[in-house]
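There are 2 protein chains.
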Amino acid sequence: MEKTVGEQTVGIALLGTGVVGRGVIDILAQQRDLLRSRTGLTIEVRSRVCRDPSKYEDDETGIKATTNIADAIGDPKTGIVVEVMGGIDAPRHAISAALAAGKHVVTANKALLAAHGAELFELAKKHGVSIAFEASCGGGIPIIDALTRGLVANRIDALIGIINGTCNFILTQMAQNGWTYADALKEAQRIGFAEADPTMDVSGRDSAQKLAILATLAFNQQVSETDIALTGIDTLKAEDLQFVDDLGYVIKLLGIGERVEGQLALRVHPTLVHKGDLMSDVSGGFNAISVYGHAIGHQFFYGRGAGQTPTASAVVADILGVAMGTIPHAFERLNVFHGRLKKARALPADQMESRFYLRATTQDTPGVLAGMTQALARHGISIAAVHQPEIAAGTKHVPIVVTTHKASEGAMQKALAEIDAMKSVQAPTVFLRILERPAEFG
Amino acid sequence: MEKTVGEQTVGIALLGTGVVGRGVIDILAQQRDLLRSRTGLTIEVRSRVCRDPSKYEDDETGIKATTNIADAIGDPKTGIVVEVMGGIDAPRHAISAALAAGKHVVTANKALLAAHGAELFELAKKHGVSIAFEASCGGGIPIIDALTRGLVANRIDALIGIINGTCNFILTQMAQNGWTYADALKEAQRIGFAEADPTMDVSGRDSAQKLAILATLAFNQQVSETDIALTGIDTLKAEDLQFVDDLGYVIKLLGIGERVEGQLALRVHPTLVHKGDLMSDVSGGFNAISVYGHAIGHQFFYGRGAGQTPTASAVVADILGVAMGTIPHAFERLNVFHGRLKKARALPADQMESRFYLRATTQDTPGVLAGMTQALARHGISIAAVHQPEIAAGTKHVPIVVTTHKASEGAMQKALAEIDAMKSVQAPTVFLRILERPAEFG
Numbered sequence: 143m144e145k146t147v148g149e150q151t152v153g154i155a156l157l158g159t160g161v162v163g164r165g166v167i168d169i170l171a172q173q174r175d176l177l178r179s180r181t182g183l184t185i186e187v188r189s190r191v192c193r194d195p196s197k198y199e200d201d202e203t204g205i206k207a208t209t210n211i212a213d214a215i216g217d218p219k220t221g222i223v224v225e226v227m228g229g230i231d232a233p234r235h236a237i238s239a240a241l242a243a244g245k246h247v248v249t250a251n252k253a254l255l256a257a258h259g260a261e262l263f264e265l266a267k268k269h270g271v272s273i274a275f276e277a278s279c280g281g282g283i284p285i286i287d288a289l290t291r292g293l294v295a296n297r298i299d300a301l302i303g304i305i306n307g308t309c310n311f312i313l314t315q316m317a318q319n320g321w322t323y324a325d326a327l328k329e330a331q332r333i334g335f336a337e338a339d340p341t342m343d344v345s346g347r348d349s350a351q352k353l354a355i356l357a358t359l360a361f362n363q364q365v366s367e368t369d370i371a372l373t374g375i376d377t378l379k380a381e382d383l384q385f386v387d388d389l390g391y392v393i394k395l396l397g398i399g400e401r402v403e404g405q406l407a408l409r410v411h412p413t414l415v416h417k418g419d420l421m422s423d424v425s426g427g428f429n430a431i432s433v434y435g436h437a438i439g440h441q442f443f444y445g446r447g448a449g450q451t452p453t454a455s456a457v458v459a460d461i462l463g464v465a466m467g468t469i470p471h472a473f474e475r476l477n478v479f480h481g482r483l484k485k486a487r488a489l490p491a492d493q494m495e496s497r498f499y500l501r502a503t504t505q506d507t508p509g510v511l512a513g514m515t516q517a518l519a520r521h522g523i524s525i526a527a528v529h530q531p532e533i534a535a536g537t538k539h540v541p542i543v544v545t546t547h548k549a550s551e552g553a554m555q556k557a558l559a560e561i562d563a564m565k566s567v568q569a570p571t572v573f574l575r576i577l578e579r580p581a582e583f584g
Numbered sequence: 143m144e145k146t147v148g149e150q151t152v153g154i155a156l157l158g159t160g161v162v163g164r165g166v167i168d169i170l171a172q173q174r175d176l177l178r179s180r181t182g183l184t185i186e187v188r189s190r191v192c193r194d195p196s197k198y199e200d201d202e203t204g205i206k207a208t209t210n211i212a213d214a215i216g217d218p219k220t221g222i223v224v225e226v227m228g229g230i231d232a233p234r235h236a237i238s239a240a241l242a243a244g245k246h247v248v249t250a251n252k253a254l255l256a257a258h259g260a261e262l263f264e265l266a267k268k269h270g271v272s273i274a275f276e277a278s279c280g281g282g283i284p285i286i287d288a289l290t291r292g293l294v295a296n297r298i299d300a301l302i303g304i305i306n307g308t309c310n311f312i313l314t315q316m317a318q319n320g321w322t323y324a325d326a327l328k329e330a331q332r333i334g335f336a337e338a339d340p341t342m343d344v345s346g347r348d349s350a351q352k353l354a355i356l357a358t359l360a361f362n363q364q365v366s367e368t369d370i371a372l373t374g375i376d377t378l379k380a381e382d383l384q385f386v387d388d389l390g391y392v393i394k395l396l397g398i399g400e401r402v403e404g405q406l407a408l409r410v411h412p413t414l415v416h417k418g419d420l421m422s423d424v425s426g427g428f429n430a431i432s433v434y435g436h437a438i439g440h441q442f443f444y445g446r447g448a449g450q451t452p453t454a455s456a457v458v459a460d461i462l463g464v465a466m467g468t469i470p471h472a473f474e475r476l477n478v479f480h481g482r483l484k485k486a487r488a489l490p491a492d493q494m495e496s497r498f499y500l501r502a503t504t505q506d507t508p509g510v511l512a513g514m515t516q517a518l519a520r521h522g523i524s525i526a527a528v529h530q531p532e533i534a535a536g537t538k539h540v541p542i543v544v545t546t547h548k549a550s551e552g553a554m555q556k557a558l559a560e561i562d563a564m565k566s567v568q569a570p571t572v573f574l575r576i577l578e579r580p581a582e583f584g
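Line order of the protein sequences matches chains U and Y. Offset between the first sequence (1-based) and the numbering used here: plus 142. Offset between the second sequence (1-based) and the numbering used here: plus 142.
So that you can see chain U by itself, here it is in the shape it has in the complex:
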């Protein structure tokens, strides 16, 4: 790929022809004039690699469809290989081949980068090419660009994000319609917001993979998915969404990374977010990321975290950034990527601190609340509020809701074990964390 300025055509190979691949083709075709007028570049999709080329025989784009990855990568007029196939093994192989052939790579594949980022980034460096991956986190939000360039002057102290649109959609449906998790999931699947097997999303693993990528860039330590304490949304109960609503909160699946005394506290879990917080207004498929920097204080990015054109927007921006030379330039210089950093010093999960929400299911007998509060006190956990709703006479099980001040996970686990061992408590007691925002300029 030449780097002369002026009108220039750059060829790309598109690996994968799913929703995002189609979005990339559409933007490149429909905004051809706009993109050329802005950048002087015309991006030519030289080939699309797919399983069944016969599907595209009548395709109006005229783009060559092929099953042959090696040919697509080897095409001398292809300077950039765009991977939107998903999965791990096949794209890992394809991207390695592309890098080895001296082709720049654009990928949206967070699972791959979280698992094999270090290896791929080193390979890219070795062959003097770049990997661009804006679309891997936060859909169309240019958060990777922000962390690596716009906010580069900051020591980042914390990063808090809603980074999985599927979970946020499900939680929004549960909160707004009073639905169970199962019903909200069914609706998400019906409208194509969740996959048939939703495990990667609802277990929180997808969020953890994205957090691993973002935290690596933010904190300049190599964060792996296994460094991250993980709780999904699949065990949430509709009644807790109702209780937290009464307390002035909504539940969001948050990915959180924070510096804690020389270590990183890294976790993904359903979290109570106060209704006065910007994050509480992030509904449906939207994503949002709060970044705390020593110089900027709090900064907040909001946008569509998934979907055909928002994700394709990030892929096309990467293609243009690579073709213009700006991304290769930054990639060559910046020492913020997996493979150039020390492994993260992750804080053990039991030492992480937060405020907690507990809901115990109890028999309506004297001394239950006393027993619970004593168990918390024994482990140094101080209570912020207690809520025990009046119930109809004769009801067997009474919920007791307690919120606490800051406590460690370890202390809370011990207190919970004691609470659940009480005769009058029906185990397990539900517990969730409450978001406390870090101090700005802290």
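Since no wrong hints were added, every one of them can be taken at face value.
Because identical chains cannot be distinguished in the list, a pair is counted as satisfied if it fits within a single copy or across any two copies.
Straight line, CA to CA, 20 angstroms or less: simulated SDA-like cross-link-like pairs of lysine to any residue: (1) Lys417 <-> Asp387; (2) Lys417 <-> Gln318; (3) Lys268 <-> Leu476; (4) Lys484 <-> Ser179; (5) Lys267 <-> Glu149.
The set of hints was computed from the structure by calculation and includes no laboratory data.
Given the coordinates of chain U, assemble chain Y onto it according to the supplied hints.
Only chain Y this time, still in chain U's reference frame:
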């Protein structure tokens, strides 16, 4: 400036030693190791240009203080000239000299860029150097980076922003404390949030200058300050903040740019923002910018729009981006800057449309409301809601609050003239616009 990768020292000249200049020096000194580990770069402040170098005789930084701009620019070890002096004529002269000497320029000066951007950007192009100006809009928010790079794949359809922290601080004080404009301004001046002469901020001109810069990048047409219809906050009445609060709104000074049938509607005015809108939660000195792109839909950026370290964060990011070569690379290729674009086709102010809030001060006589509604109807303006509070018997003047559906400014001006001509109305009737967000993917 060499472009080899690896450890490298880049010299800068700092023109201006005010709040932001001090912030730049502090970040470069305090985060020296962090910035070097990320970028391989050490930024050396070779000279600071100021009026009175004797002030810095005992300065612990040891940076040379001088009054001689030409010397500072001419220093062969200085590759980047950083202008944070403010004003128009002196920085225009200094930046021109720097560009002519083949030095890259980083500036935070929106007033200068709005007035003379075209000339300076052409000069930079001519001499093969770049101008970086992230700090000119939105403080530490990397909005210019987003518009020019992260969102480059989008046709931008609308941009809506709170882009003046001083006005937002004043409006927040008025809303939260029930203060008058004068009292809120006094408080803003007392704590250093407003200048002794606050005209540039409170008149909306500062917002208009920033909107001119952002709209040029977003819409790829050369927008001047004079293309923008302007109303400041200095005539706002405390009672209107109270009335809009009752209606479920807050008032924010918004800069708005929208594509309207091949033209650009460009305006800055106090605007009613519904309390359910993310923008309504932007308080105090914070800024926020909503961007609507054809591929991303709605995206929202929030952060500190002013202040020493947030603004310095953007300046330092620009310094590093220039020193790394990424900004010069993008600057050379992107045709989105003043001086490379056609003049904006600005929609005349009387053709701009919005919903309106009116507050008439009337005598409590029969037929007043009928007269008002008839005047609106004659100009095709349809009423959304009417609010006439009950008042104590004997009160002379009765407020009548009306909100309307969408109407043109021209029609509204005519209706208002007729309303103010009514005997029972005490002119002038207050009118404000109500934010209606554009449809996503519209």
